[in-house]
Amino acid sequence: MKGLFKSKPRTPAELVRQARELLVYLDVNGTSREGKREEKMAELNKTIRELKSILYGNSESEPVSEACVQLTQEFFRENTLRLLIVCLPKLNLEARKDATQVVANLQRQQVHSRLIASDYLEANKDLMDILVAGYDNMDIALHYGAMLRECIRHQSIARYVLESEHIKKFFDYIQLPNFDIASDASATFKELLTRHKSTVAEFLSKNYDWFFAEFNSKLLSSPNYITRRQAIKLLGDILLDRSNSGVMTRYVSSKDNLMILMNLLRESSKNIQIEAFHVFKLFAANQNKPPEIVSILVTNRSKLLRFFSSFKLDKEDEQFEADKAQVVKEIAAL
Amino acid sequence: MADEEPRNTSMYPLDAKSYNIMQEIGSGVSGVVYKAACIPMNSAVVAIKAIDLEKSRANLDDVRREAKVMALFSHPNILRAHCSFTVDSHLWVVMPFMAAGSLHSIISSSFPDGLPEPSIAVVLKEILSALSYLHDQGHIHRDIKAGNILVDSDGSVKLADFGVSASIYESYHWSCSSSSFCNDMAGTPYWMAPEVIHSHMGYGVKADIWSFGITALELAHGRPPLSHLPLSKSLMMRITNRFRIEDSHDKNDKEKKKKKFSKAFKEMVAACLSQDPSKRPPAGKLLRHPFFKNCKSPEYLVKNVLQVVPPVEERFKEISINSDSASPIVKVRRVSGWNFNEDVLEMDPVFPTENDDKCTITCVQHHGEQIEDKACCPDSIVMEVNKINAKEEQELPKDVCTSPPNSTVVPKQLLIPNLISLLNSLDVQRVMRVSRNGENGHAD
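First to last, the protein sequences are chains P and E.
Heads up, the first sequence is in the numbering used here, so the first residue is 1 and it goes up one at a time.
Heads up, the second sequence is in the numbering used here, so the first residue is 335 and it goes up one at a time.
Just chain E, with the same shape it has in the complex (with noise of 0.2 Å):
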């Protein structure tokens, strides 16, 4: 399945001087992506994610991580790299073009209401093949929605964004306290499985199940579960237990007939959304499952989606003209859990008992067309879990500090090890004097 050639990455040139840039057709927090042409390959058409190195929040190891783990992987439904170079503070990552952009846009563009089940069923099924893939190859996404889905033109359906996964098999970067879990907070907080929002657990390849169970649902209603809320802490505290999300949002229900989604759509979700992440069928076995048993193959998508949706190039227009760029932040209260509805194809949330402020979860609304900026994604997620593991590692290993999640909670000091204080500062001058007298100096 998974095509085996290394990549030939000689093929694409590593200057920026090859590459003629046509249009910006997305952007994030710390980068734009472009459409662009390689001029020695006779101008092919390629997309590259120009990301930002000076901002803040593009933490370089995050950044590393990602080029790696997109130069390693090799299968039809992930994308990957041609290659990426640096051109002054910015990396430019050189990607194929997907043509129709993210599920995410082509949604908002042409489906605010979902995607008929078919369709639906076609995009799951090929991002199911690259979770087994990631998965059997240790690897967390972490970042599942519709947002990180890119298709072409020819209804080729590819995962991307690699900026907040993780692999099990390297501890040595990231906090890993066993062969199977991770400690530390990752992605987008409307997607993100109990376990992960509750990150002192520790989670595994199972929280991208869940996820992906979101991740129906998004593409089912248009939106992932709760986003639709103006989520003002105030509204949020009002609510009760067992909201649900058509009752307050879908005032004029009357013109949209309710959907009707089949009982192996609703199985297939309810089984991805089980509270206890054991209950979750891995992804190799949720391919067998009954929902996918006739399912189409991709070109399905490129009359029944593709058609009507407009070109990438255009929708990204119409994003930048209407989006307010006043401010783009919005506060989250925390869900602490989630029931899925599996009658309605609806979660119920579960919010924490307590009113507690540090709670809030700051996300970020990116209007992102092609990618949501990876480096952003784990930045906008202000949380305790810094707390936490301070508590647990008296002294957090360096790697710890410098690992994602972390670094924008960790204040920029804190990446800097040891004598920053003045007491240190005059600690360091002490040893100067004391080295200077035995000269030829011998530390300690």
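This is chain P alone, in the form it adopts within the complex (with noise of 0.2 Å):
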């Protein structure tokens, strides 16, 4: 409707200028007189609305890229990301999810095949420990928690999370009471330690000791149900995968390890049994199992044969079946 009104339409980098323009005031006069504020406020909300329906299109029309690539140009020439990220908790629910909207698609917007956003974040990185520190407020910490997912898609960005000191805090973001920001910090966590195979590797094999000793610590042994269930589960993944070999054979010759995942192989749930048995099974199959290895494993011989002779899936599965049979042969063999 206001449309109708408007003389000119603005274009996309106008949008994002006068974006920034609103937020550097909203920055600088936190305390204005309110009137004016709010009328700022409002305009903000709709100049933010409108840069995301350039970007997603609405129900009228689909995007079209050279506006895209025209508003992501304008957007990080300057410093208008960091304004809006530093904005964010002054701003209403709906603009905070627009933005968050905005923010993620600019991340994947090329221009000339080029994601340019990682070149501003690279440069900028420190907003990273702006986003991460988000899940301490609870009023920000979805928008936050979304925008940090995004950003760690690029791999430099990924790297500077997980080799900075905030990586450490997610073993205690993921166990928040807060159901909805608790399982945000822990899809950013299983993101930063699966997306980029090559950084992961790395980070694992610099960090080992520490990163293992907390993970088996805080999160296998967490009293909490759902923090032992979806670390188990990353840790299934983290260690079946190829490109992390080297740590997985490391991980399979500590007895620590395997006490604490013969203990979740004891648990009452199923779907924590089952992510366990994913990883118990490297430990019988490593066929250089070092000798405190096989003595724990021949010592529990017999219970763990009872155990896997009742342990079955609700549904068949051959694949499960083969590798429980490859198990029990190793662990009969010893």
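Listed below are several chain P residues computed to face chain E (Cβ distance under 8 Å; list not exhaustive):
id, residue
1, 97
2, 177
3, 180
4, 184
5, 224
6, 225
7, 226
8, 230
9, 269
10, 270
By construction, these hints were calculated from the structure, which means they are not laboratory data.
Note that the structure is a prediction, hence the values are computed from the model and not measured.
Glycine included, C-beta positions come from ideal geometry on N, C-alpha and C.
These two chains come separately, so use the hints to put the complex back together.
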């Protein structure tokens, strides 16, 4: 409706510039006159929504790539992203969601077949510090979390987060009592540890000791069911990934790790048992089992064999059965 | 229109001890809904949906998505969770208590032949307002039906259950190929749009408009089209093309005088049920349809509907007693399309010509009172979508594998990537040896 009375539609670049000016105003005049601020805020909300509809299209039209390019270029020409992130807590819920979607989309926009968002973030890595810290603030956690997950699609940015101290905070974030925030953090954590294979492999081999110590003690031994369940699943994803074979070899050679896994096999939760099996089988399948591993398996042989004889999936599954047979054979032969 | 305030999550405590469970008011396949009092908040009444995460059907990503969606929507006609937290292997979602329960339950307890038209208009208008908001946000609800429409004692109407909803912006977790289409299956068969059933075509927000139209019929007749049929395959096979619902069903038609509906209503529903999704009007436009012109306010429902309905707790008790616990599973023949017969406000189903066993939809019928558990809805639909997906994308990206509608169909093992087969195990061993030799093992 309002469009009818506008003399000229603004170009994508103009919209970005306007958003930037409004953000600057908001950033500086946090406590200025109510009325004026309200007005600027309303204008900002509208502008962000317009940016969103350029990037995603709307009910009438599909996005136009030329407009997206212009918008993206202007957005990263100056510090619009930083302003938007910093000012996000000042926006209302709808504008926060729109802003999050805009930021998410920009990460994938190519300008002259380059992801210029990546270049920008590369030069502004400290923005990740702000986004990660968002998990401490219930009101903005889901917005910052969603932005963060999009930013770590860029490998260099994921590497930055992995190698920063931030990664340690995730061990606590994923156990926050608030389920929606905890599970968002958990999705980000998983993404960090599975998306970019070579970066993950490098990170894990460099940080093996503290990382798996934390992983075992805080996550796999957590009193929280959902934490254990997600952690054991993630551990399986990590260790079963070919690019992490070095890490896997090391993991399955440790007696302490084996004991944790055997405890997980004994859980009352079937889901956890099954995920634990997919890690446990690696210990058994290892053809170079260290003596201490062999000795634990031998000591518990009869218990393990009895356990596996009744360990079944609800649905028939050939691969699972084959794996199980292999594990049983290995243990019986020790 | 939307209340813009971020929810104050800190108000509702995040531990089970703070809630006093009063009674069960609903149940689904993987969860139960309770009426409860929040002790530290002057025993404010809330509804708590307890989802059993250990039930294999409850996919965690699915649950996570719903929690997030329910946390981020803010609209008077959308049920928003106060908070959610885990209690052992259950997820507790604390929600406003909607005292009158779902429209499905209201209808089955007191309006078996449907609601009077003015009341239908009130409900539909409120739901359209919610849909308009959702669609503006790029969300598709994908399971619009009376069972997911909740009513409070003041007549306010809210859309609930975002278990299978999808965001066209969140391609990250969904197999959405473009900004406006999804390719996975979700929803409940009777209400599903043709393009959802043929989901390889992809579908967008207009699928909700279809389901909205079916819901209008459900409110008008007391059931969605075809749902009263004993859905045994043999019978279904005998059904011919232009089968009409009233013909076979209402033999005792005599006392049921033909229901009269206004022209505006029929036209509105017909528009929603266009075969061509692009011909279905968007929610915002439907709100301006003449049918809603002199629509009453939600308070109208209090006098005209809620007064004759027993409290939700009693209804649930009755259902629990009456329901046959044996097997709620029915087989539903897949319907390849619908032709809406505007004159009688009925749907004429079109069945696929060939008889293919694979076309059977397994549908779990819930007597669930307040909710139909979201986790079970996508799971209850077992169709060939998976094969289609698998064909289209040789190697399914992992996100797709873990996305809910496929999850039950995909064998559990597929969720655990790689190296599951014996072959792969051997492969691992080989790699182990290699990296052992080169110690400090560099992969590859």
